[in-house]
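Student: Sequence:
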Amino acid sequence: MQRSAEGGKPSSANIAGGRMKGIELLKDKLVKMAMAATASPPTTSSPSEAFRAGDDSGEQGEEGGEVCTNSHIISADTIIAFTGDMDSIMLVFTVLSSILQLYVIYAAAKHIQRKTSDKCLHVFLLSMTVADFLLTALCYPVELAPRAGIIRKFPRFVSAAMHMLCWIALIVSSISLVFLNLDKLFFFRFPLRYTNLFTRARAIYLVSACWVLSTAFVLFAWATESFHCVDEDCITLAIFPNRLHIYLPFMICVGVIPTVTSLVVAIYIMKVVAEHRSQIKAQEHLLRTPRDSSPSTARSNSAQVSAKMRTFYFIFMTTVFTALTLLPYRFAGLQRSLNPQRMNECLTIFLYWLMMYMIYLNSMVNPLLTVTVLPQYRINFLNALLCREFRGRVDKQREQYTVVNRVSSDIL
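If you count by the UniProt record's numbering, then the sequence shown holds residues 1 to 412, one letter each, in order.
If you're looking for bench data, these hints aren't it; they were derived computationally from the structure.
Glycine is no exception: its CB is placed at the ideal position from the N, C-alpha and C atoms.
Mixed in with the good hints there might be a few duds.
[Unchecked claim] Here are the in silico distance ranges between beta carbons for each label pair:
{"no.": "1", "residue 1": "73", "residue 2": "272", "range": "40 to 46 Å"}
{"no.": "2", "residue 1": "155", "residue 2": "351", "range": "27 to 33 Å"}
{"no.": "3", "residue 1": "95", "residue 2": "317", "range": "29 to 35 Å"}
{"no.": "4", "residue 1": "275", "residue 2": "156", "range": "35 to 41 Å"}
{"no.": "5", "residue 1": "321", "residue 2": "114", "range": "25 to 31 Å"}
{"no.": "6", "residue 1": "115", "residue 2": "358", "range": "36 to 42 Å"}
{"no.": "7", "residue 1": "223", "residue 2": "313", "range": "26 to 32 Å"}
{"no.": "8", "residue 1": "192", "residue 2": "244", "range": "45 to 51 Å"}
{"no.": "9", "residue 1": "213", "residue 2": "321", "range": "23 to 29 Å"}
{"no.": "10", "residue 1": "272", "residue 2": "324", "range": "18 to 24 Å"}
{"no.": "11", "residue 1": "321", "residue 2": "351", "range": "17 to 23 Å"}
{"no.": "12", "residue 1": "220", "residue 2": "115", "range": "45 to 51 Å"}
[Claimed, not checked] Straight-line Cα separation of at most 25 Å, DMTMM-like style, residue types lysine to aspartate or glutamate; simulated pairs:
{"no.": "13", "residue 1": "153", "residue 2": "233"}
{"no.": "14", "residue 1": "153", "residue 2": "77"}
{"no.": "15", "residue 1": "153", "residue 2": "225"}
Assemble the whole structure, with the sequences as input and the hints as a guide.
Tutor: Listed below in structure tokens is the structure:
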């Protein structure tokens with residue numbers, strides 16, 4: 001805004017012009033919100049550049065028309081205020097979540113090195129957490145920091161690298177969740193064959209192949225120029241119409257199918273556990289050796305079954321939460337790619353941005369579920385946080401869980 005010569009204060013003419021300009025910028029932001037919410041592939045896109053001035057010939061006054069249609073349901077000001085607040089909140093959440101993810105990565109690596117029980121669980125969980133860490137520590141801050149006003153913009157190569165890392169991390173995180181569900185499916189469905197089928201070496205090979213193939217797929221998408229940057233800083237991506245054969249398989253194969261598969265497997269495991277829990281306990285009883293027939297050992301075996309159930313509940317909760325947070329945006333993206341006609345209704349724009357923030361929450365909440373549900377991670381985490389007078393109780397719980405793990409290893 002220009003300033004007058006008297007005292008450096010804005011003139012009345014400039015105030016009126018700035019007011020008219022603000023209305024136009026408001027309209028520009030809402031239109032770009034609609035474009036951003038429907039044009040970008042799995043990652044979200046930023047409205048940070050939406051405050052840039054548009055064509056001056058299109059400026060209108062306060063009575064110049066609605067910024068978006070059907071604003072009686074939800075106004076444009078409400079949407080902009082919502083996105084501004086959520087950007088700042090999500091940026092804070094990325095920091096907190098990254099700290100939890102670093103702890104989970106460290107703890108999972110320790111469990112893998114010690115060759116403890118649930119060895120495949122720790123390998124798959126490590127892969128999923130590393131992918132989530134890339135999202136919350138690197139990708140999402142690059143998107144959120146300019147929108148929250150912390151930094152003006154990032155260089156083009158940083159934004160391009162952010163999109164690539166975001167795609168790779170989303171693919172690996174989704175497929176790792178499938179591996180977690182398959183691991184538990186075989187444990188509950190085929191307990192006698194589980195040890196031979198799922199080994200630590202095979203789990204590491206699977207995870208390594210997942211990372212390599214995901215990276216190759218993303219590099220192929222960029223090499224074939226399947227997407228192009230909407231703006232000069234590559235904050236927002238758009239899809240070439242003649243490259244939908246790349247985008248649609250990407251969304252279906254790595255965005256929808258893994259999540260739906262995980263959800264179906266998790267529901268099936270829940271059904272198996274609910275129907276055959278007594279059979280599982282009977283199998284545990286038959287696998288005991290004669291020297292393990294003491295009451296204390298029986299309690300340990302019962303605790304072992306409970307520990308396995310808690311592990312399954314963690315995977316089930318993570319799967320359901322992932323489906324609730326990722327699938328709405330995935331289906332909306334598929335619908336918009338097949339029907340590219342844009343809708344500038346305020347409610348539609350608001351719903352698209354709400355689905356984007358749900359994607360953010362998915363990777364941020366996963367480590368919280370890990371340290372609150374899984375006893376292998378909760379015990380040491382609480383031991384690090386709690387005061388000295390509470391550590392004795394935590395140490396006793398850890399010793400009990402160690403005994404359970406040893407009994408579990410003997411059984412398997």
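Student: Identify every previously stated hint that the structure contradicts and give their numbers, smallest first.
Tutor: 3, 4, 7 and 12
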